[in-house]
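> Got chain V; can you put chain S on it based on the hints?
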Amino acid sequence: MHRFANPARFLRIARVATPLTLWIGLALTVAGLYIGLFASPPDYQQGESVRIMYVHVPAAWLGSGGYLSLAIASAVALIWRHPLATIAARAIAPAGAAFTAICLVSGSLWGKPTWGTYWVWDARLTSMLVLLFLYLGYLALSASEGERGEERRAASILALVGVINLPIIKYSVEWWNTLHQGPSIKLTGSAIDGHMLLPLFLCLGGFTLLFAAIVLMRMRAMLAEQRVEARSRRLAEALA
Amino acid sequence: MKLKAKHQRLTLVVGAMIALGGAGALAFSTLGSKATYFYAPSDLVGKAPPTEAIRLGGMVEKGTLKKDGSTVHFIVTDNARTWPVAYTGILPDLFREGQGVIAEGKIDPASGVFTADTILAKHDEKYMPPEVAGALHKVAGKVE
Chain V
0 MHRFANPARF LRIARVATPL TLWIGLALTV AGLYIGLFAS PPDYQQGESV RIMYVHVPAA
60 WLGSGGYLSL AIASAVALIW RHPLATIAAR AIAPAGAAFT AICLVSGSLW GKPTWGTYWV
120 WDARLTSMLV LLFLYLGYLA LSASEGERGE ERRAASILAL VGVINLPIIK YSVEWWNTLH
180 QGPSIKLTGS AIDGHMLLPL FLCLGGFTLL FAAIVLMRMR AMLAEQRVEA RSRRLAEALA
Chain S
0 MKLKAKHQRL TLVVGAMIAL GGAGALAFST LGSKATYFYA PSDLVGKAPP TEAIRLGGMV
60 EKGTLKKDGS TVHFIVTDNA RTWPVAYTGI LPDLFREGQG VIAEGKIDPA SGVFTADTIL
120 AKHDEKYMPP EVAGALHKVA GKVE
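If you read the protein sequences in the order shown, they are chains V and S.
Take the first sequence: its position 27, counting from 1, is numbered 26 in numbering that gives the first Met the number 0, and each next residue is one higher.
Take the second sequence: its position 53, counting from 1, is numbered 52 in numbering that gives the first Met the number 0, and each next residue is one higher.
Chain V extracted, bound-state conformation (with noise of 0.2 Å):
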């Protein structure tokens, strides 16, 4: 692990990595996008609104998935204080924040024709609404000004607790009643159509592809902004 947490290691990897999972990323999604909103079927309940599936169920995949290595991120931050750890928690959360927001958009648009409602406090709902909350809460402790370190430590911390809700959210369905239906998808097998399976699982490789592109831009700017911080603190050390 300490070889990937040297930064010009890492610079070197991401330089080639960004291209490459941002392009691939993109013609999956398009592919993805296409297929799902053009050449699927429609539902034989849902009629056409099964459509939003397509961008629903990878930004939740990408809303908790994001979660996840955001707080195995601050874990390696907490224990042995990579810089690089930090720089990519910091990275992830604005991204896994956007992906949540948008399963909640989605999934409330999918709602209203399909339930007849656009939001209700059962449990799978409120729990992915905690789950933005907790990506709030981490942006702003991370951004706050304090002592160098001490606010870092503790958005690192706030990270970790909050990964209690992620067992929360994906077993909500099956743990209580909710009106949010079960997992379509199971390791024993699928209750979704093949045409439909298609297009979803392009949307879930190309969104998460450009997750990582996301990410990896994000660190490489705030990398080369730490650079340019040094050499001008330098500069007028130089010049005093």
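Some clues are possibly wrong.
Stated by the list, open to error - Only part of the chain V face toward chain S is listed, based on derived beta-carbon distances under 10 Å: (1) Gly110; (2) Arg123; (3) Asn176; (4) Arg217.
Claimed, not checked - Once the Cα atoms are required to be at most 27 Å apart in a straight line, the calculated DSS-like pairs of lysine-lysine come out as: (5) Lys3(S) to Lys66(S); (6) Lys111(V) to Lys33(S); (7) Lys125(S) to Lys111(V); (8) Lys111(V) to Lys105(S).
These are calculated hints, taken from the structure and not from any lab test.
Bear in mind that the values here come from a model prediction, so they are computed numbers and not experimental data.
The beta-carbon is built from N, C-alpha and C at its ideal position, and this holds for glycine as well.
Relative to chain V, chain S alone:
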């Protein structure tokens, strides 16, 4: 033996996560069924009917939907027990016999009928094109 600082931090974080998991499990066992969004007919049968507003969920039993002006009557089933429901108002598009439904309202103490003031359609986890659903229906029909 003195632990290295980073090992100390590792132990601390792992310990804190285990404690947090335990606290979560305790909270979960207390919260239990209180976080449930609706009751199934089986949860209500044989108990004193609650007087406050509740939600009742299940499947609309096939062949029980009756329209009486703007009021509809149907029976909600969880495949074990059933409960009669009456509702006056506009039904959601996905409301139909054999599909999931959640009704918000009160149990009429006199008749025992669940009088709903809101009806939500509950969608299941199955997604398929209409042709496939039609074909499945035909196959099922032949078997019967």
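> Each hint: holds or not?
Here is how each hint holds up against the structure:
A least Cβ separation of about 9 Å between Gly110(V) and chain S falls short of the 10 Å threshold, and the interface hint therefore holds. Taken as an interface hint, Arg123(V) checks out: its beta carbon lies about 9 Å from the nearest beta carbon of chain S, inside 10 Å. With a least beta-carbon distance of about 5 Å to chain S, the hint placing Asn176(V) at the interface is held under the 10 Å criterion. Checking Arg217(V) against chain S: minimum C-beta separation of about 25 Å lies over 10 Å; hint violated.
Restraint check for Lys3(S) and Lys66(S): not satisfied, since their Cα atoms lie roughly 75 Å apart, outside the 27 Å limit. For a cut-off of 27 Å, the pair hint linking Lys111(V) to Lys33(S) stands: about 25 Å separates their Cα positions. The hinted pair formed by Lys125(S) and Lys111(V) meets the criterion: a straight-line CA distance of about 18 Å does not exceed 27 Å. Of the pairs offered as hints, the one joining Lys111(V) and Lys105(S) holds, with about 24 Å between alpha carbons and a cut-off of 27 Å not exceeded.
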